[in-house]
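Q: In case you want the letters, here they are:
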Amino acid sequence: MKNIKSILFYTALIFGFLTVSVLSVYNWFSNGTILYYWDTLLPFSSNYASNFPYSWYAINFPGLVGGGFSWSLYILPIAFLESLFSNVSISQVIIYVGLIFTSIVNFYLLLSYFIKTIFNKTRALAHFVAILFSLMYALNLYTFYYAYYLFNPDAYIIAFLPLNMLALLHVFPFNQNKEIKRFKLWLFIFFVSLFLMSPGFTTYIFFIQYLGWIFIYLLFCLLISKEKTNPKLLKSFLFFILIILVNLWWFFPAFLGISSSYEAQRFTTDTTAYIEPGSKNSNLLNSLRLIGSAMMTNNPFSWFSLYIDRNPFNFILFFFPFLILFLVYKIRNLLNKNIVLFILLMFLVSLFIVKLGNPPRADITIWLFKHIPFFDAFRDAQHKAGLFYAFSYFVLSFAGFYLLINYLSEKKKKVLKYLSFIFLIIGFVIVTGPFFLFRNDNIKKIDYEYNGKRYLFSAKTQIPKEYYDLKKILEKECTGETTIVIPRTSAITNAVWEKYGTSYIGQDVLSHFVNCNLISQKVGENNPDAFTNAPYVLLRNKDFTSFKNFLLQNNVSLVLIRKDNVPFYYTSWFYSDPKKTITEIKKDPDFQKLYENDFFNLYKLKTGTAKNFGFSVAKNIIYTNSSLTTAIDYAILSKTIGAQSGNLVFNTNDSLKKYSKSINQYVSIGNCVGCVQISPKSLLEENSQPSALRSIKDFLKKYFKFLNKNETIDTKISKNLIYSNYEFNKLLLSIEDKKTDESRRNIISYKGYINEVLNLLKEYKGSFFDRNQKLLEANNFLTAQNNNLVNVSSSVKDSNLRTLLNFLVIFQNNELNYVNKNIWQTNKKDKIYRLRLDIAKSGNYECNINLFTQGVFPSDVYLGETSPTSINENHLFKRGSYPISVKYTTEKIADFPSVRLSSIKEIELGNLTKGSYTLSFDAQDIKTPLFIVLTNKKININNFDNEILQKLGINVSYSYFLPGQFSEKIYKKDYHIDPFSNEKYFLYFVVPNLYADSIEDQVINNLTIEKNIEENDIVFSCTITPRVTSEEEPAVKKINNILYEVTLPENYSSKFLLFNQSFNKDWKAYPKNSKKPLPHFLSGYSNAWDISNISEREITVVFSRQDLIIKNIFISAFAFLIVLAVFLKIKK
Amino acid sequence: MDKIFNLKNQFWFSWYLLILYYFILRAIFGIDYFVIYSFSIFMIILRLEFEKIALIFFTISMMAYIFATPTEANHYMSFVFGFLLLSVLKHFYFVFKENLKV
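Protein sequence lines, in the order shown, are assigned to chains A and B. Per the working numbering: the first sequence = residues 1 to 1132. Per the working numbering: the second sequence = residues 1 to 102.
A portion of the hints provided could be inaccurate.
Calculated from the model, a selection of chain A residues having no Cβ within reach of chain B, i.e. all distances over 12 Å [stated by the list, open to error]: (1) 225; (2) 287; (3) 322; (4) 332; (5) 347; (6) 349; (7) 376; (8) 406; (9) 739; (10) 744; (11) 879; (12) 916.
In silico DSSO-like links for lysine-lysine, alpha-carbon gap of 27 Å or less [to be verified]: (13) B:8 <-> A:412; (14) B:8 <-> A:330; (15) A:417 <-> B:52; (16) A:606 <-> A:1038; (17) A:226 <-> B:90; (18) A:472 <-> A:579; (19) A:841 <-> A:878; (20) A:681 <-> A:719; (21) B:97 <-> A:226; (22) A:330 <-> B:90; (23) A:411 <-> B:97; (24) A:337 <-> B:90; (25) A:232 <-> B:97; (26) A:1129 <-> A:1072; (27) A:702 <-> A:716; (28) A:1129 <-> A:1076.
Simulated coverage check for chain B against chain A, where a stretch passes if three residues somewhere in it have a Cβ under 8 Å from a Cβ of chain A [to be verified]: (29) 17-27; (30) 35-41; (31) 48-57; (32) 62-76.
Honestly, the hints are just simulated from the structure, not real lab data. Note that the Cβ used here is the ideal one computed from N, Cα and C, for glycine as well.
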């Protein structure tokens, strides 16, 4: 009877959990929709899954290293479900419901174990409370934001961590007096649950934390063990090794690609930039209630304010931290307090990271971010440390609640007991609120206005049938070809399908949907991305001929135009208007329309070459001095080539020396002199004090003269400038500390170094450009120091010291005068753009000026520094460096003799293009402070502050004007703008409310906005016209993404084989019957091999890493079994 | 010394009166770390358990959250965190100490 009862109970329980799981997500998938938003990764076809096991992703052209094997358990089942049901929605809902259900069940099992092992007495009530806490663990604010509403495979960890911990508690129990029952079963459960958690470990910081907590657990067990230490130590050690081995199948490939993926995901070099000191969202008050996650802050859900603001609604959530405190208070009443201590430690450490820049001791967090390698992987700490935090939070609060109820029962305080239950129920409703209470409005939507039309991006969406129609056509055509998609997307994209009332914003659907080589989404590697941006730059520059040439050069034979994309700040990157591209394509007879529907146009470039999967033999071998790191570098190079395909590009001195006999085209691109302005702040900060190593070296050199090598004058100049900066920083510190005598000493030593620099500059006999480089260096340092000193000296109260500082400013100005007289650099005042042209080989060059901005008009080009001579298109250059000057004029985009001020004055500037603009006006007549705001959206001046803060997709540049701030009579300020499409810009002058009454009759005189020049706006390049050989293309057979068989044409004469996927040293080419790989090198962004010394025509090209990865799977599995056998033997 | 250590058992040093004393100190000296640290040290000298001090600061924090500002409440919550950490470390110490004896 008892058995039947318990069977009925558990059946009802499972049914109940399943019902709750379905209800929690039903709204997202009703009507056959999917949930798709921002970073969600959802394979839309089995093709994506079939590409997944390869360590090279070729879907996004030009390809990148793949290391996300751990996602196999997510990608493969979802692809299987999709092919089973032919429905993405059903497969997504099964994954969601499955994971939520598993989370609830596993947490309930863990709590049931706790009830048995840590409490004196157990009651049915305990199971009811355990059910509530299990539901809260699976469906709370953390899981809602970080696991489900934009799906993240972390959900796998959330689902299986409780079971894994439960198994660990059985395998390595704290209470070692008890015999371990079913040891092998629990060991099996431990490793299976660990394997099932692996999709979540792709966020590597979760794996590191997991290893850390397991290590601490084993150490804790070891330290309190009453067994002999050595066997126990060996057991713990072997167990830890087993954990590593069971994860090696995915971790090894991830490790091979970790540095590039880490760099690609890092958005700043300052690791502490992710810490927002005193952030309200993650302070203890909010973190202790699981609210205020980073994703809540920009979420427009209607219930947002209920959680984030100070509100009686969320006050009840303080009940949970109280329960944890109560648990600690009554910890002695527990049967096994060691488990609780371990979880408490997990809770406190995780909370310390979760709160990030908030007290207490945020300085420790900052130190950790600065000095511990990879610690900044904890950026968005609510997410990254929150996983173990939320786990420990609910375990501890459950234990606390159960203890509280027991305590109140013992004390017979019925009212308080009932009140506790009421608090728990209310807390339960609030914690699970996003899933149930607010289920009618828990879908992410972005309301967005573009060109006066409103658009809505919604996370609940459905892929329209037009995509499926396109897939059929495109996949037939694209084999062996590359397809360019217009417009280009950033890491994410959007689409609005008005006829169906649906839309999306997130990862590019096309690249997860169509099995083709698409240029659409950025791959996250600088050089390949720079290359694929080049055609978009050419389109934006309205240079359709060069765009077409680019396609021909690189065998890009298919052009897919997307008509469902809306330009949006976060999703547009190198935007080009699809309508304008269609118009241009229609005019060109070489393009043939293959297909059209409401959302796409597909064209084929008729002159495209055969389907050769990106392989070709080199017909044109180019050397360029360009660094090839930006889209403009590639665009310029492309323009000098014409329509020729099969171009091998060298751009290093080593390759120039090695292959000079093979090179048949030289492309020299002028580098602007004086365009890049180093920020004074960073220049001073980066050279503020000598490094420890430098100090030791200097110390040794002082006493051991033989260490002092003969330094050249240019090294001495640079060193003296850096030393002068050390002294200058010491001076600033002594001024700050009001140490006058020390300041005097620092001034003397600083002046000593600067005088030395000037003397060295005067006697320096280097080449023109070398000497000029030193003058530029001196100018940068002196200007930065001078600006800083002017700012500091005004606040010095000691009159003697201020006088000294004023003399120092005069001294600096004199030195700067000498430098400026002799320096040769771009002169924006007289509008002369100056550049250095390096010629690698003597010859007759054809020179051109290309513009990559609008509103700049070059007129004459001169050669020489002192008495320049005009040069025309063709010029005979000898090997060497040449100073080139380009005279130019710029366009004034606004010119108003006078503008009457009002509280907010709006000026429409029209459509502006990317670049720098100088705003200037007469400053002497303006008596009130002004905020100057430049935006790419018209702002409603009646609701100015709110709109500027809240309007989505707005690009704002701020500055301010204070009367008397400038000694010059004219206010001048440069603004750099980067429109994401061709949108209109507006300038606003805002008078602060305090001064609103005093603006009558005030006018801004001579207001102008003029285009300003920046590096790469004018590109001067010279090239020797090549003699190109004609060659047949090789025949290529693709075995899979990482293996190709190439057959070179008969009687080929080329010395190089090219492959247009991103360069990686693991791409290897082997001639048939040879195990020795061919010499492999970089051609621009891609791969090239030297085939001059082979006799065979058959070559196998392979991404060698795959072989290593497969071997690793077998070796780690074998090693796991051996270590497991040893572990089990010791256990006996 | 024993007299001082036993003070915590007296009515005048019960937890709710300690909270009251703190708010009196706060009214006199204002919100100052000096006051909070002195109050904490005073409770440690009384040999109040760390977990009890954490609960006292939690109550103060809740009162400050309702009647004063969340910023002030957050300061007290830092002390809750601190004393909770001390309490956990104390428990670890005794666990290891017990084990060493064996």
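Q: Indicate, hint by hint, whether the structure satisfies it.
A: Okay, the hints, checked on the actual structure:
no.	hint	in the structure
1	225	violated (8 Å)
2	287	violated (9 Å)
3	322	violated (7 Å)
4	332	violated (9 Å)
5	347	violated (9 Å)
6	349	violated (9 Å)
7	376	holds (23 Å)
8	406	holds (17 Å)
9	739	holds (29 Å)
10	744	holds (38 Å)
11	879	holds (68 Å)
12	916	holds (41 Å)
13	B:8 <-> A:412	holds (25 Å)
14	B:8 <-> A:330	holds (18 Å)
15	A:417 <-> B:52	holds (21 Å)
16	A:606 <-> A:1038	holds (23 Å)
17	A:226 <-> B:90	holds (21 Å)
18	A:472 <-> A:579	holds (24 Å)
19	A:841 <-> A:878	holds (7 Å)
20	A:681 <-> A:719	holds (19 Å)
21	B:97 <-> A:226	holds (13 Å)
22	A:330 <-> B:90	holds (14 Å)
23	A:411 <-> B:97	violated (33 Å)
24	A:337 <-> B:90	holds (13 Å)
25	A:232 <-> B:97	holds (19 Å)
26	A:1129 <-> A:1072	violated (49 Å)
27	A:702 <-> A:716	holds (16 Å)
28	A:1129 <-> A:1076	violated (45 Å)
29	17-27	violated (count 0)
30	35-41	violated (count 0)
31	48-57	holds (count 5)
32	62-76	holds (count 7)
Violated hints, in rising order: 1, 2, 3, 4, 5, 6, 23, 26, 28, 29, 30; the structure is consistent with all others.
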